[in-house]
Amino acid sequence: MVAVTAPPADPHAGHLPSDEQLLARHAAGDRSALEELFRRYRHPAYRVAHRLLGNEADALDAVQEGFVKVLTHLAAFQGRSSFKTWLLRVVSNAALDLGRQRKRRTVADPVAGDGRAENDAGPLVWDDPGLGLERSDLRRLIDAALTKLPEPQRQTFVLHVDADLSYREVAEVLGISIGTVMSRLYYARQKLRAHLAPLV
Amino acid sequence: MMEFGQEPRDRSFPELLAAYADGELDAADRARVEAWLAEHPEARAAVENQQRLSRRNRKLWKAAAPLGPSESNWARVFNQVQDVLDAPRPAPPAPRGRRHVVRFAAGILATAAAAALAIHLTPPKADLPSVGPLEVATAAEVFALASDADVDVISIDDRDAAALVVGKPPLPATATVVLAAAGDVDLKGVQKAADGMLPKADMNAAGSAPMIIAPMAGR
Chain A
0 MVAVTAPPAD
10 PHAGHLPSDE
20 QLLARHAAGD
30 RSALEELFRR
40 YRHPAYRVAH
50 RLLGNEADAL
60 DAVQEGFVKV
70 LTHLAAFQGR
80 SSFKTWLLRV
90 VSNAALDLGR
100 QRKRRTVADP
110 VAGDGRAEND
120 AGPLVWDDPG
130 LGLERSDLRR
140 LIDAALTKLP
150 EPQRQTFVLH
160 VDADLSYREV
170 AEVLGISIGT
180 VMSRLYYARQ
190 KLRAHLAPLV
Chain B
0 MMEFGQEPRD
10 RSFPELLAAY
20 ADGELDAADR
30 ARVEAWLAEH
40 PEARAAVENQ
50 QRLSRRNRKL
60 WKAAAPLGPS
70 ESNWARVFNQ
80 VQDVLDAPRP
90 APPAPRGRRH
100 VVRFAAGILA
110 TAAAAALAIH
120 LTPPKADLPS
130 VGPLEVATAA
140 EVFALASDAD
150 VDVISIDDRD
160 AAALVVGKPP
170 LPATATVVLA
180 AAGDVDLKGV
190 QKAADGMLPK
200 ADMNAAGSAP
210 MIIAPMAGR
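As you go down the protein sequences, you meet chains A and B in turn.
When we follow numbering that gives the first Met the number 0, the leftmost residue of the first sequence carries the number 0, and every step to the right adds one.
When we follow numbering that gives the first Met the number 0, the leftmost residue of the second sequence carries the number 0, and every step to the right adds one.
Derived by calculation from the structure, the hints in this document are not laboratory data.
It should be emphasised that the depicted structure is a prediction, and the values quoted were computed from it without experimental measurement.
Hints are not guaranteed to be accurate.
To be verified - Example chain A residues on the side facing chain B (calculated, C-beta under 10 Å, incomplete):
#1 R50
#2 A58
#3 S135
C-beta: ideal position from N, C-alpha, C; glycine also.
Build out the structure end to end from the sequences listed, making use of the hints.
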């Protein structure tokens, strides 16, 4: 079967307290430990939630819910996975739940409005100055394309790309095999490419 | 375009191409993919699709990343997390049975403290329980009751249908319906409710069957 490379080493190892040390300090009542954990993982959690929800307010709600759930159920977590992968699992699930509950806000297609991308001939790339595609437009286009994916593919793709998780970590987060991660990513990209082909 | 998966020996190639594009393969599998691509040049487009949307395309994902929240918004979220963690925790809920089998309408439920039927949680017991004198149970040990007006049965296996016992509870509508499998409970005792009704419990069902217990009029 397919072998995959090992996940990258923790860049903080040996320099900063480990997650386990911070969790132990938090359990002992050290409030600064909680803040450090929050700072350490708020950005990947937010990127995942934002990509799944499409707006800051909902993404912050999902991040908040994720941290609360994880920290109130530490007994269920310890020893079974890394804090990071468990948090991202909970945050991504919270984001998907929120998305279902609130109905994702319609993502406007900023380019199709004036027909520019649709009508341009020849290959276009997202950073082509002639296209005039703004950063926020690119993000919205990708977000819109992502909504067309089945939820398992979307979650897998976002955890890999936006949380920068390796295949092994994504498999751990979602409780699936590495082969399933590969398969979901392959088909997710094929579909995304079909939607984004002129731009990406 | 080549259709992956048509040849049994190649069924894993879509997956391999994704991992190849992401640099997640070891040297042996990377060489295997490259050798396969040399024989299937028509698959190069698929590889390119994968590479364009790979996370290794840092420039793309950096440009497409959302702007982060302000520090004040982060501080607000952190404070809310801390507030929730500092708040007193509610008592854990009573154990529940197979909620996927029966779903509830919004409804009426009885407080454990007011329940006329006390069921003590103990290890599963094979024999039918006997109905004897009431034993006083703690609040945490008491199951709430539900009636047929309280629940909508959306779906249920035929083999479970006989285990459902529903009736009219003489209780206020306040708490949460709790379902238990027959094997989850050991019936220690029951007493008549204020209106003289006795509950009926079907404990003949298999240990995994759902059970709703409620007083039945005229029993």
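We went through each hint and held it up to the structure:
no.	hint	in the structure
1	R50	holds, 7 Å
2	A58	holds, 8 Å
3	S135	holds, 8 Å
When held up to the earlier numbered hints, the structure conflicts with none and fits them all.
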